[in-house]
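J.: Those protein sequences? They're chains A and B, same order as listed.
Under my numbering, read the first sequence as residues 507 to 997, first letter to last.
Under my numbering, read the second sequence as residues 291 to 606, first letter to last.
Among the clues, some could well be false.
Unchecked claim - Below 20 Å or equal to it, Euclidean Cα-Cα: the simulated EDC-like pairs (lysine to aspartate or glutamate) are:
1) B:Lys396 to A:Asp519
2) B:Lys429 to A:Asp519
3) A:Lys599 to B:Asp372
4) A:Lys599 to B:Asp379
5) A:Lys512 to B:Asp401
6) B:Lys426 to A:Asp605
7) B:Lys365 to A:Asp605
Claimed, not checked - A few chain B residues that face chain A, going by a derived Cβ cut-off under 8 Å, partial list only:
8) Ala339
9) Gln358
10) Pro360
11) Glu361
12) Arg364
13) Phe369
14) Asp379
15) Ile380
16) Phe388
17) Ala392
18) Tyr393
19) Asn394
20) Arg436
Hints listed in this document are in silico derivations from the structure and should not be mistaken for laboratory results.
The model shown is predicted, which means the values in this text are computed figures rather than measured ones.
Beta carbons are placed, not taken as given, at the ideal position from N, Cα and C, and that holds for glycine.
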Amino acid sequence: MIEYFKSLFVTLDNNINPIAVKEMRQAVRSRYITLLLQLYLLIELLVAGFFLITFDPKDLSSGGADLFSFFIGLLIVANLICVPVYTSTRLTKEVRGNDAIFSSTLTPMQIVRGKFYCGLIISLLLFSAAAPFIIVTYLLRGLDIQDILMALYGAFLLVQVLNCFAIAFGSINVNIVMRVILAIVMVYIFFGILEEVLSSVGSIDWETILVITFLSLFSGEAFLTLAASMLSPISFNRMTRPRIFATASSIFLIIIASIYCYISSKDDFIAMALLLTFAVSLILLGIGLCERWSLSSRQIQQIPRNSILRILAFPFFSGIGSAIAWFIMMFGMLFAIDSFAQTWIMDDFLQTDGVFPFIYMVLFYSTCGMMIRLGIDSFRRSNLGKSLPENPYIVIYPTPLKGFTTVVYTLILMSIPSLLPFLLLFSQPLDMGDYFCFSPLYYVMDVSDDKKMIPQIFGFFSIVVLIICCIASFIHYLDSYNRRERLNRIQ
Amino acid sequence: MLVEIRNLVRYFPHTRAVNNISFSFDKGQIFGFVGPNGAGKTTTMRILATLDQPQYGDCFVDGYSVTQYPEKVRKLVGFMPDSLPMHNDISVWEYIDFYARAYNIKNPTRDRIVNEVMDFTDLHVIADKTLNALSKGMKQRVSLARALVHEPKVLILDEPANGLDPRARVQMRELFKALSENGMAILISSHILTELGEICDGVVFIEQGRLLDAGTISEISQRRAKASIAAEIRLIRTEDLELQLNQLSFRLLEIQGVTNPVVTGDHIELIMEDGETTAVALLRQLINDGFPIVDFRMKNNQLEDLFMTITNGNVQ
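When you get a sec, could you build the whole thing from the sequences and use the hints?
T.: Put into structure tokens, the structure is as follows:
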């Protein structure tokens, strides 16, 4: 019996994620974590003590609820400091310092998952530390056990999603300007969700919990997948995994939503599924447009021999052309489902006011970003490449994130005109739509129908450019395959 | 060849860190990587350790490309960077154990290997100390142990002796020799050339990203040496040593192929134009002349001399 448990322990020990083991060992010794935990417990103790001393026993209807709101808020904030901030800072340090873990045989996914598990365990520790105080709030009345559990569950999921986001954030090796922009976006999203969580205490039903669970699992896994692809070497097909994940989970989500809509006759869920698929497709297109143009030798080796598989694999390869092809594929799927769903259960989602113009504008911005980036690439290549021998797989940018930076800068630069009306408003009254139609803020404003022509023209131009890029890339893909086969035959 | 670097190019925005360099070395060889600061040594080593990507060219370890198959190369290469381990709040044993786990070494083998590596690098005494409590020399040892834990075929060491005291340097040198005798290929960059000269089978000179020369020390010496070789002669110490040295100096001026004899302290330095051929004839003639010679030494181009001859000290 002892031998059995011994061998079981060895097996478990051998299969545990090495990063998780290291991170947990470090967290246990970390003064930062210890200090925060003690501080957290002290604040909870002081607040609970103060509340109990000043508590009026007649106020049994809301006393517990008030204290619970405070505790859950504090728990989320403490988790945010202990988990995402801690994880992200450590990962950033390792990525920037090119730590030796990146020269080990650990896969990027193992690194990312290890970081996540560590965050998960620390957050479980904080939740268990909060448990006695939460019980006090229950005893003070004002909340039933179901509300408490659901709120805790929601908060736990929120923290884990933020943990995943922090890992994705930490894996991006970008400069300080980009970090500030992304951090602002993160804080904005976080406070939006936190407000929702706090306001929904006592009003969450099981359907909402299910939706939140699914969305959390989906977005958490999406962030981890993205982080792993960011940590992968550039010569890899690093976008394959995120695209396969996005495609599979979108199909799964749409199927589940369709079944739910069919049973409950509510179309909210399928509309949300389509919107989510659409948003993910756009995000991955944006990232895809930051990738490099040509294929690495490793990628060329991975092109399938079977002609059908070869065509099907193209949208899942890393590279600008493949990203566009994948987006076209996803958009086609979305369009087909939308058309089918229209006749079946819901209003046409894609014909909703603003959706198509929004797509046009996003495509236009992405195309501009891509063109600027390719232009800079070409300029650098012509300057640096003079003394270099001819090499079809030359990589001028070692990290595609340089491209990512360019695209975001482009978006910011192009958004600047949207600030002009605010300055001009003080001098003379103007039709604000004239300015906003060139900026992302266009859709915040009400504009007349005739102004919608402008994004359509830009959108059409973008689609033409992107399709040309996609075709050129596909030709390069097939040509690379043919060259590989020719070379294999010669050898 | 176990390690081959082919036409490697790596540019940074304003610097040509590595500019079309090629060299190779095999198992059991220790190669020194020598150049002034900013020559591109660290960049080349980082590419070889799969931590960076070249813009052109490639490196091959046991036939695997570092750009195309980094995961295969990582199993074969152990890298000790010039920076010290930055993981805080972790003990030495836990740190080495973590890297053994990272290289997918399962127990009970893992415990055995970790112990062996710690024995080899003499870390058992400090096994329970945290990394942030260690001295620089000890951290270097930990870094070396970490690089050895997966029993790599190739070891890349970036300034391994930097900041070590003389005893630690000697110990580390002995470790490298032992590893090389076990068939490991080692590439070491260092500024302490006297030490490199003692353990290296070959040297690669690099400056401003360009390869200046590569090969064994004797090969480079032969290539770089002029036809003339410097030598020094010592006579037996007597009361009239100075007089005898002056006589020898005048005699040397008469011998063909010998130039510039200079009395320096208790010996004479001279240049022999035809190298070793002149040396044989010269020595025979001086003994026949009755000079009490106790030491006749040809000054080979040692690593430091070669470094000074080959490099210009330019930085970028």
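J.: Give a verdict on every hint.
T.: Taking the hints in turn, this is what the structure says about them:
| no. | hint | result |
| --- | --- | --- |
| 1 | B:Lys396 to A:Asp519 | holds, 9 Å |
| 2 | B:Lys429 to A:Asp519 | violated, 27 Å |
| 3 | A:Lys599 to B:Asp372 | holds, 17 Å |
| 4 | A:Lys599 to B:Asp379 | holds, 15 Å |
| 5 | A:Lys512 to B:Asp401 | holds, 15 Å |
| 6 | B:Lys426 to A:Asp605 | holds, 18 Å |
| 7 | B:Lys365 to A:Asp605 | holds, 16 Å |
| 8 | Ala339 | holds, 5 Å |
| 9 | Gln358 | holds, 4 Å |
| 10 | Pro360 | holds, 5 Å |
| 11 | Glu361 | holds, 6 Å |
| 12 | Arg364 | holds, 5 Å |
| 13 | Phe369 | holds, 5 Å |
| 14 | Asp379 | holds, 4 Å |
| 15 | Ile380 | holds, 5 Å |
| 16 | Phe388 | holds, 4 Å |
| 17 | Ala392 | holds, 4 Å |
| 18 | Tyr393 | holds, 5 Å |
| 19 | Asn394 | holds, 6 Å |
| 20 | Arg436 | holds, 6 Å |
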